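Trainee: Fit chain B to the given chain A structure using the hints.
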Amino acid sequence: MIKILLKQLTILILSFTGITIIFFSLAQLVPGDPVILHYGNLTPGTEQYENAYQELGLDESLVRQYLIFIKDVLQGDLGRSTVTNHSVLEEFFTFFPATIELSLFAILIALVFGVGAGVLAAVNKNTWIDNLVISSSLIGYSMPIFWWGMLLILLFSLNLGLTPVAGRISFVFDIEPVTGFMLIDTLLAYPKYEFAAFYDALLHLILPSVVLATVPLAVIARMTRSAMIEVLSADYILTAKAKGVSNFKIIWVHALRNALIPLVTVLGLQSSVLLTGAILTETIFAWPGVGKWMVEAIFRRDYPSIQGGVLLIAVFVILINATVDLLYAAINPRMRRPE
Amino acid sequence: MLLTGKVKYILSTTTLVLAQLLLAGCDQNAMNVDAFDTTLVYCSEGSPDSFDPHTVTIGVAFDASARQVYNRLVEFKRGTTEITPSLAKRWKIRNNGTVYRFYLREDVQFHSNEFFQPTRNFNADDVIFSFMRQKEKSHPFHSVGNRDYSYFNFQGLNTLIKSIKKIDQHTIEFELERPFSPFISVLAMEFTSIMSAEYANVLEQTDRKNYIIQYPIGTGPFQLVRYQVDAFIRYKAFEHYWRGKEPIEHLVFAITPDPSLRFARVTAGECDVMSNPLPIHLKALDEESSLKIVTERGLNIAYWAFNTRKPPLDNRRVRQALNHAINRDAILEAVYYGSALKAKNPIPPGMWSYNDEVKYYEYNPQLARNLLFSAGFEDGFEIDIWAFPEQRSYNPNAIKTAELIQQDLKEVGVKANIITYEVGTFLQKVKSGEHITSLQGWIADNGDPDNFFNSLLSCEATIPGQNSAFWCNEEFDAIIKDAQVISNRARRAKLYQRAQQIFKREAPWLTIAHTQQNLIVNDRVKNLTIPLTGGIFFSGVKLEPRRESDMRL
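Quick mapping for you: the protein sequence lines, in order, are chains A and B.
Taken in order, the first sequence gives residues 9 to 347; the numbers are from the working numbering.
Taken in order, the second sequence gives residues 52 to 604; the numbers are from the working numbering.
It cannot be assumed that every hint is accurate.
If you want the ones that stay clear, here's a sample from chain A, every Cβ over 10 Å from chain B, calculated [claimed, not checked]:
{"no.": "1", "residue": "Ile27"}
{"no.": "2", "residue": "Tyr61"}
{"no.": "3", "residue": "Val71"}
{"no.": "4", "residue": "Arg72"}
{"no.": "5", "residue": "Gln73"}
{"no.": "6", "residue": "Phe121"}
{"no.": "7", "residue": "Asn139"}
{"no.": "8", "residue": "Ile142"}
{"no.": "9", "residue": "Trp155"}
{"no.": "10", "residue": "Ile214"}
{"no.": "11", "residue": "Lys251"}
{"no.": "12", "residue": "Gln315"}
{"no.": "13", "residue": "Ala337"}
DSBU-like, lysine-lysine: derived pairs with alpha carbons at most 30 Å apart [as the list claims (entries may be wrong)]:
{"no.": "14", "chain 1": "B", "residue 1": "Lys451", "chain 2": "B", "residue 2": "Lys343"}
{"no.": "15", "chain 1": "A", "residue 1": "Lys200", "chain 2": "B", "residue 2": "Lys593"}
{"no.": "16", "chain 1": "B", "residue 1": "Lys296", "chain 2": "A", "residue 2": "Lys200"}
{"no.": "17", "chain 1": "B", "residue 1": "Lys217", "chain 2": "B", "residue 2": "Lys260"}
{"no.": "18", "chain 1": "B", "residue 1": "Lys480", "chain 2": "B", "residue 2": "Lys466"}
{"no.": "19", "chain 1": "B", "residue 1": "Lys480", "chain 2": "B", "residue 2": "Lys361"}
{"no.": "20", "chain 1": "B", "residue 1": "Lys287", "chain 2": "A", "residue 2": "Lys200"}
{"no.": "21", "chain 1": "B", "residue 1": "Lys577", "chain 2": "A", "residue 2": "Lys200"}
{"no.": "22", "chain 1": "B", "residue 1": "Lys410", "chain 2": "B", "residue 2": "Lys466"}
{"no.": "23", "chain 1": "B", "residue 1": "Lys393", "chain 2": "B", "residue 2": "Lys555"}
{"no.": "24", "chain 1": "B", "residue 1": "Lys128", "chain 2": "B", "residue 2": "Lys532"}
{"no.": "25", "chain 1": "B", "residue 1": "Lys532", "chain 2": "B", "residue 2": "Lys555"}
Hints listed in this document are in silico derivations from the structure and should not be mistaken for laboratory results.
Please read these numbers as outputs of a predicted model, since none were measured by experiment.
Don't be surprised by glycine CBs; every beta carbon is placed ideally from N, CA and C.
So that you can see chain A by itself, here it is in the shape it has in the complex (with noise of 0.2 Å):
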């Protein structure tokens, strides 16, 4: 388990020192005066922006330079957005609530539905039902995010009235901001609005993480469909039904578990999927989430929080996938097991 643990703490630093050195060089080739994104309208030619020109150390060579950066990222300093002037790790951080419970709610949807129809699919193998899940998994993994959310909301929003247009929650609720996380807040807030603000915050939930949930729930179902065939077909599965165990118990706890297995390592390939995804939900649903807060960045040419922004995702997908490894190890035992 430590030699595992170590091979995933090299892997961390690697990939975080590759990020960070891309980063760097796409930084470095943004049009425009490093000082003025940085700062704003400063003049060149004046003490205040020599001042800022060697705040930024860019009299330094760019090797002291990249290890000035890697200093002040480590210290959590991304720099201030030049638009609110707000540092931009704090500003990242009042987004990211949204795009989690966002999240956390599409990869519940995703797993229920997916895995769901990946054992009915592959227990009914080559039957219509079978022929259904494949093609409507298909149809899901290439449906463009952006025009199935517009078809979404023109049908339960604006047709059938069922669901909210966009947003977390209606306006007419004034919730605090404790946590970030609305259905929590909406909790927190009572009993100003009785249950009213809650329940409106998971009414608003429905449509975007169904959105969201489309992609990865279409790949967690075509997953689970092959490792279940594979799995069913295996000798203890004969075994066991030769001894007598029900159906249900073969398919549900024999079967299931070990199909798991290698699911864990597609969610964790997922999360990346998903914060991309996150970005185009976000827009049309005007969720105020770190990917519409990055998409308005990149209008207003926000170079700062932009910048910054990709780089905590980036670290955030790699985070999530070396504990996806962990995990992948701890539920494996094939994986502990001394060679």
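Mentor: Structure of chain B alone, referenced to chain A:
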């Protein structure tokens, strides 16, 4: 373990509430619906960069700060460009129009927030603070924010105001370097909003100067409650507003940059008011809909500027020929969907001194060819048309406008290339005069014609490049300079009318259109009008209870 208390609180509350949730079930009758009837939600198109009316330049930022939170010494009377008293009860102009004395209201209170409780009412110190902060580089609050007092400087107040004297607590005197008749109109503009000097003092002592632009304290009808960038701005009615508390209790700006989503939200009843609808949205509304369109003419102009410093556009005949060569009715139909007025003067018809005697340049390609022939361009020539890459309220699609112009020019033997740059670069390059022709526009800052003539067409304005035709006509310039110092409006109007005739003859622009301003409004919102000078004010707006059918919960 700083978090322990907070975490414990969260965990215990959550458990308690979840337990109650299970017990209570979905008892929706228990909810508090009062908020529905007292909250107005406005779907706005963008986030303000700050709440500082002195330094911001974009409309959404003025909407969020100056127009709800602050007041000014004087203001525009609703639906007009007439000046009426606001924080100043009355005023006197002396010494040939170089001294303005204002008598201030005594019953005006400032807002309060968690950092500040006012101990005194509004007085002359607040006026001095609000102007000196913008004028004096050494002022402690001058360097707060982006340090760019563009409106203050652009209106020339930095050189115009000689001194501001406090006569007593509620009397104040502005001394000007020279007579400047638009001064009173300028004081109704958003950038002259009055901040609290006492608040500034408190912030300075606690070393939080920056809060003055993040947590504004004003005297206006609404006070800021909460702001989340790119999500919403929440206000509540100010209990002690000097004109009386507003009928709307809560006001929320739902920041929704995508126009289609804004329209979806207003259709679903999530917003009561939608800003900047597209022409297609206006057409989609039918008679039975509970949504209504509120329309007001706009004080703006879209024009095609000819750089008169560059040949062949330094030749008046060529400019006139181009004026005759373009079919503006086609542009109005294709670009503005018939929602705009054809323009003939540099100022819009709603503005005083508008000269209706001036005739349009009629669309006549043959005449245009003749004019070009007589100017010595029988073989035509080649020019560039610069077009702005974004939608603007005076021109929804500059690229499309340029394409139509391009086709018309081909008819008269002029080859045109369309050129566009990213916004910042575009403005910069036009200001330095790199273009030969460019599609431009202007929205009135105040109701004074000087704001058009002097800002866009004076010789002075060629230096910062706001005069994008780089047109400097001595006769014209002398007239508008005269009109600036005379205070008699009838005499000024006569001068401006003459200026419009010279403008027409010299043709430094092709005037294209004056657009209208539109809002889509739920009919439960009463008394909402659009000011001529643009923007949105929620003061005086009333709200009827929400209908059952609008309520989702």
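Trainee: Please go over all the hints and tell whether each is borne out by the structure.
Mentor: Hints, verified against the model:
no. : hint                    : result
1   : Ile27                   : holds (26 Å)
2   : Tyr61                   : holds (18 Å)
3   : Val71                   : holds (32 Å)
4   : Arg72                   : holds (31 Å)
5   : Gln73                   : holds (26 Å)
6   : Phe121                  : holds (24 Å)
7   : Asn139                  : holds (36 Å)
8   : Ile142                  : holds (34 Å)
9   : Trp155                  : holds (13 Å)
10  : Ile214                  : holds (13 Å)
11  : Lys251                  : holds (41 Å)
12  : Gln315                  : holds (17 Å)
13  : Ala337                  : holds (30 Å)
14  : Lys451(B) <-> Lys343(B) : holds (29 Å)
15  : Lys200(A) <-> Lys593(B) : holds (25 Å)
16  : Lys296(B) <-> Lys200(A) : holds (24 Å)
17  : Lys217(B) <-> Lys260(B) : holds (24 Å)
18  : Lys480(B) <-> Lys466(B) : holds (22 Å)
19  : Lys480(B) <-> Lys361(B) : holds (15 Å)
20  : Lys287(B) <-> Lys200(A) : holds (17 Å)
21  : Lys577(B) <-> Lys200(A) : holds (28 Å)
22  : Lys410(B) <-> Lys466(B) : holds (28 Å)
23  : Lys393(B) <-> Lys555(B) : holds (15 Å)
24  : Lys128(B) <-> Lys532(B) : holds (27 Å)
25  : Lys532(B) <-> Lys555(B) : holds (19 Å)
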